Amino acid sequence: MERWEVFGKRTVDDPWTSVGAVHAPDDEMALLLAKEAFFRHGEGVDFAVVRLADMHIFGRPDLLAFATDKSYKLQSGYTGMGDKRRAAATRAQEAGAVVDRPRPVDKRALNPSHRRRDGAAGSEAAGSGAAGSGAEAVEGGGG
Amino acid sequence: MIDPRVELLLALADDELIIGHRHSHWTGVAPHIEEDLAFSSISQDEIGHAVVWYRLAAEVAGEQGVRDLATRAPAGGDHADALGLGREPNGYRNAVLVERPNGDWGYSLARHYLYDVAEDVRLTTLAGSSWQAAADATGALRREERYHLLHARTWLDRLANGPLDARIHLADGLVAALVEAPGLFEPLPGEAELVADGVLPDDHATQQQRWLEAVTADLEAVGMDHVLGGDPHHGGGEFLATASGELVARDGARAPSGSGDGGYGGRLGRHSSDFDAVWEEMTGTYRAYPGVRW
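If you read the protein sequences in the order shown, they are chains A and B. Its first residue numbered 1, the first sequence is counted upward by one per residue in the numbering used here. Its first residue numbered 1001, the second sequence is counted upward by one per residue in the numbering used here.
FYI, nobody ran anything at the bench for these hints, they're computed from the structure. Remember, it's a predicted structure, so these values are computed and weren't measured experimentally. Just so it is clear, CB atoms sit at the ideal spot from N, CA and C, and this is done for glycine as well. Mixed in with the good hints, there may be bad ones.
[Stated by the list, open to error] So the derived list for chain B, only partly shown, Cβ under 8 Å to chain A, looks like this:
no. : residue
1   : Gly1048
2   : Val1051
3   : Val1052
4   : Ala1140
5   : Arg1146
6   : Tyr1147
[What the hints assert, rightly or not] To list a few chain B residues with every Cβ distance to chain A over 10 Å, as calculated:
no. : residue
7   : Ala1133
8   : Leu1141
9   : Pro1189
10  : Asp1203
11  : Tyr1264
12  : Pro1290
Could you put the whole structure together from the sequences, leaning on the hints where they help?
Now the structure itself:
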C-alpha cells in the first residue's frame, strides 16, 4: 500500500503544513483516512494528501550541513544585542548626540495578524497608542 | 619576502572575499526572491571560506607578518578581520574577474559558474597537498562547493535552454567573463617553490587546463561551447528558436569587455578601478573604526 503525506491548514490564510502520513490504496481513501487520523478535533479548515512517490526529495544531507561558523544565521548568534544597543546609546549620549524626533511607529503592533505568542506588547511600540493590540493570540486546544 | 604559502592562501581567500562581496550586491534586487536568498547565502559561504584561509595564513605569517600585510589593522585584533579588511588595495591578491561589478544576471551567472568550477579545481588540487593543514581545510569547503556548483550548473542549463533572451544574456556574460577567467590561474609569486614542496601538487597552468576541460564539457552539453572562441553568437549569425517557435537571427556579436591581458595582475596586487569601489565600501567601517567588532 502506498504512503501519502498529509498537509493541513489551520486557517484559510495559513500555508500548508505537514501533519503526518497515512497508508492507502488511492487518493480518495487517503483523504478519508487522513480526516479521521488528523482532523477530527477541529485542527483546521482544509487538508490535502500527496503521494510520497510524487515528492521530489533533495536527499543530500551533506549539502545541508554547515561547513564554517554560521552562527550569524541563528538567533543564538545575536545574544547580548540589548546590551550592545544600550552601550551604543550611552556612548552616543556621551558624545553629545541628541534624539530630537519620536521613534517611528512599530507597524507590527498595528497589524492584527501579527500575533505574539508571549502576549507581550512590543516595548518599542510604547507611546504609539497601539501597544497590546496584538496580544490576544490563542493556541488551538488539543483534543 | 612573503612566505609563498601565505601568497597561496591570500590568493584563495581574497578571491572568496571579493566574489562574496560582489554576490552580496544581489541581496534585495535579484530577479526573484528565492534567487535573492540563494545568492546571498552563497555570498556568505564564500566569505566564510575566506575566513578559513585568512586564519591559516595568519598562523603561517605570525603576528608580525599579519601586521606587515595589514598596515591598517590595530595590534592584537582579529587576524581574519585584519587580513580581510586592514590591507591597502594593492595588498589584495584576488583575480580581476571577481572584482568586476555584477552587470546583468547573465554575466553574474556566467562568472559564478566559471568561478565555482575554478574553485572546485583548486580545492581538489589542494586536497592532495603535502601541507596537511591546508589539505584538511579543503574537506568542509568542498562540501559547500558542491552545492555552489549544483546551483551554477542548474542555472547554466536553464539559461542556455531558456527563452532566446536568456541565452543571449548568458552567451554575452560567458564571453565577457571568459576573457578574464585565466586570471584565476595566474601564477603566484613563489609558485615554483610551492610546487617543488608538494604544497601545490599541480601548478596553476595544469589547473587551468583541468578547469577548461570541465567548462568545455559543460558548455558542449548545452550547445554553447562556441563562446570559448570569444564569439557569443556564432559570428552574429546564430539562429535560435524563440519560445513561440519562431527562428530569430541574432545581430553582430558585442565585443567582450576586459583588459585584454587575460585578467592577470591580481595576484601581484594590480587591480582595476572596479576594485577600488569594492574596497571603499567593504572596508569603510573598519577604516573609520580600526579593529571594531560589532
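The hints, checked one at a time:
1. Gly1048: Holds. Min distance 4 Å.
2. Val1051: With Cβ-Cβ at 7 Å, under 8 Å, it holds.
3. Val1052: Given a least distance of 6 Å, the restraint on valine 1052(B) holds.
4. Ala1140: holds, 4 Å
5. Arg1146: holds, 6 Å
6. Tyr1147: Hint holds; tyrosine 1147(B) Cβ to chain A Cβ min 4 Å, cut 8 Å.
7. Ala1133: holds, 16 Å
8. Leu1141: Incorrect as stated: the minimum Cβ-Cβ distance to chain A is 6 Å, not above 10 Å.
9. Pro1189: holds, 27 Å
10. Asp1203: Consistent with the label, aspartate 1203(B) stays out of reach of chain A, its closest Cβ about 27 Å off (over 10 Å).
11. Tyr1264: Nearest chain A Cβ is 30 Å from tyrosine 1264(B), so the label holds.
12. Pro1290: holds, 17 Å
Checked against the numbered hints listed earlier, the structure breaks hint 8 alone; every other hint is satisfied.
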